[in-house]
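For the sequence shown, this note's numbering gives the first residue as 213, with consecutive numbering after it.
These aren't lab readings, by the way, just hints derived from the structure by calculation.
Nothing here was measured: the structure is a model prediction, and the numbers come from that model.
Glycine residues also receive a C-beta, built at the ideal position from the N, C-alpha and C atoms.
Mixed in with the good hints there might be a few duds.
Unchecked claim - Below, computed lysine-lysine pairings styled on DSS-like, alpha-carbon distance capped at 25 Å: (1) Lys267 x Lys324; (2) Lys375 x Lys221; (3) Lys221 x Lys301; (4) Lys375 x Lys412; (5) Lys324 x Lys412; (6) Lys301 x Lys375; (7) Lys301 x Lys412; (8) Lys301 x Lys267.
What the hints assert, rightly or not - Label-pair restraints from in silico Cβ distances: (9) Leu349 x Gly441: 52 to 58 Å; (10) Gly291 x Lys432: 36 to 42 Å; (11) Asp409 x Arg311: 18 to 24 Å; (12) Phe234 x Tyr263: 21 to 27 Å; (13) Tyr262 x Leu414: 23 to 29 Å; (14) Ala328 x Glu235: 23 to 29 Å; (15) Gly291 x Pro411: 31 to 37 Å; (16) Ile408 x Arg332: 19 to 25 Å; (17) Trp430 x His387: 51 to 57 Å; (18) Leu429 x Glu339: 42 to 48 Å; (19) Leu429 x Met330: 46 to 52 Å; (20) Gly427 x Pro350: 50 to 56 Å.
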Amino acid sequence: FRLRPYFYKVREYNDFESRDLFEYDLALSEGEVALLVAHVFELGSTHFDYYYADKNCSYHILAALEAAAPRLTLLDHVGTPVVPIDTVKALYANPRLVRDLQYRPSASTQFKARVADMPRDQRVLVEALARDADTPLPEGLSEEQRIHVLDAGADLVDVRYAKELPFDPGGHGAHIKQRVLERRAALQRPSEPLRIDPPKYLPHDTHESARLSSGALWSKADGGAATFGGYVA
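Assemble the whole structure, with the sequences as input and the hints as a guide.
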C-alpha cells in the first residue's frame, strides 16, 4: 500500500488513462474507518505477491475492508479469477453497505459530450485552439457559441496534455491551457453545467463474469492445432 492524495489518483485514472470512474461510498462507522486507516498504516511497506488472476489489487482492498469491519463478508463472494467488477458486486452482497454512488466521467467523455452537437466548423475551431490558443474566432459567432468553443478547446487540451499538465506547469500544454482560459474568462459569463448521465448499465448491474475463447496455431514440428476454452463465474 502506498499513500497518495486521492485527487491525484482520480486524475490519473480520469485524465491520464481516460477511464470513467464509479465511486462507491460505503456505510462504514467512524470506528471502522479509523481501524481501516490504522490497518493500512500498519501494513505500510509490507510486500504482497501480486497475482493478476486472484490475489490482485481489488482482492487486497476487500481483505483490508474485512480486517477493518469483520461484520462484512466480502472475500466469500469472489472466486477465481478475481475480476475487479466482481469485487464491486461483493459489496452489494452485504445489505446497505453501499450508501451512495458517484459517476465521474473521464476527460475524454466530457470532451465528447461537449462537442456532440457542435457544428463541424466550430469543431474545427476547437481543434485549432488546442494547437494555437490565439486562433481567432469568427465575428459571426455569438457569445454563447464562443463560450462553447473555448470550453471545448480547454477540455481538448486537458485530454491531449493529460500527462504533462500536473507535472510541468510551465510546459507547452500548460501555456495553451492558460491562454484558452484567459480568453474564456474575458467573456465574463458562466458556462452552462455540463450534464453527463451515467451509463444505462452500472458496473454492479452487469452480467456475471464469463469468458469464451478459441484459437488456432501451427508449427513446423507439430503441424496445426486448435484451442477452445471458457470460464463462467
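Checked hints:
Taking the CA atoms of Lys267 and Lys324, the gap is near 36 Å; set against the 25 Å cutoff, the hint is violated. For the suggested pair Lys375 and Lys221, the alpha carbons sit about 13 Å apart, so the restraint of at most 25 Å is met. Between Lys221 and Lys301 the CA atoms are separated by roughly 22 Å; this keeps the pair inside 25 Å, and the hint holds. Note on Lys375 and Lys412: the hinted pairing is violated, with a Cα-Cα distance of about 30 Å set against a maximum of 25 Å.
Straight-line distance between C-alpha atoms of Lys324 and Lys412 comes to about 17 Å, which keeps the hinted pair within the 25 Å bound. Taken as a hint, the Lys301 and Lys375 pair is broken in the structure, with Cα atoms around 32 Å apart against an allowance of 25 Å. Taking the CA atoms of Lys301 and Lys412, the gap is near 17 Å; set against the 25 Å cutoff, the hint holds. The suggested pairing of Lys301 with Lys267 holds, with an alpha-carbon distance near 17 Å, which does not exceed 25 Å.
The given range of 52 to 58 Å is respected by Leu349 and Gly441, whose C-beta atoms sit roughly 56 Å from each other. At roughly 40 Å, the beta-carbon separation of Gly291 and Lys432 lies within the given 36 to 42 Å, and the hint holds. At about 21 Å, the beta-carbon gap between Asp409 and Arg311 stays in the expected band of 18 to 24 Å. Phe234 and Tyr263 have their C-beta atoms about 24 Å apart, which keeps the hinted 21 to 27 Å range intact.
For the hinted restraint 23 to 29 Å between Tyr262 and Leu414, the CB-CB distance of approximately 28 Å keeps it satisfied. Taking the beta carbon of each, Ala328 and Glu235 are about 24 Å apart, inside 23 to 29 Å as hinted. Checked against the given bound of 31 to 37 Å, the beta carbons of Gly291 and Pro411, roughly 25 Å apart, lie outside it. Between Ile408 and Arg332 the beta carbons are some 22 Å apart, a value that agrees with the proposed interval 19 to 25 Å.
Taking 51 to 57 Å as the suggested C-beta distance range, the pair Trp430 and His387 conforms, at roughly 54 Å. As the Cβ distance of Leu429 to Glu339 is approximately 44 Å, the hint placing it in 42 to 48 Å holds. A hinted range of 46 to 52 Å holds for the C-beta pair Leu429 and Met330, which are about 48 Å apart. Remark: the range hint 50 to 56 Å for Gly427 to Pro350 is upheld by a beta-carbon distance near 54 Å.
Violation of the numbered hints given earlier is confined to hints 1, 4, 6, 15; the remaining hints are satisfied by the structure.
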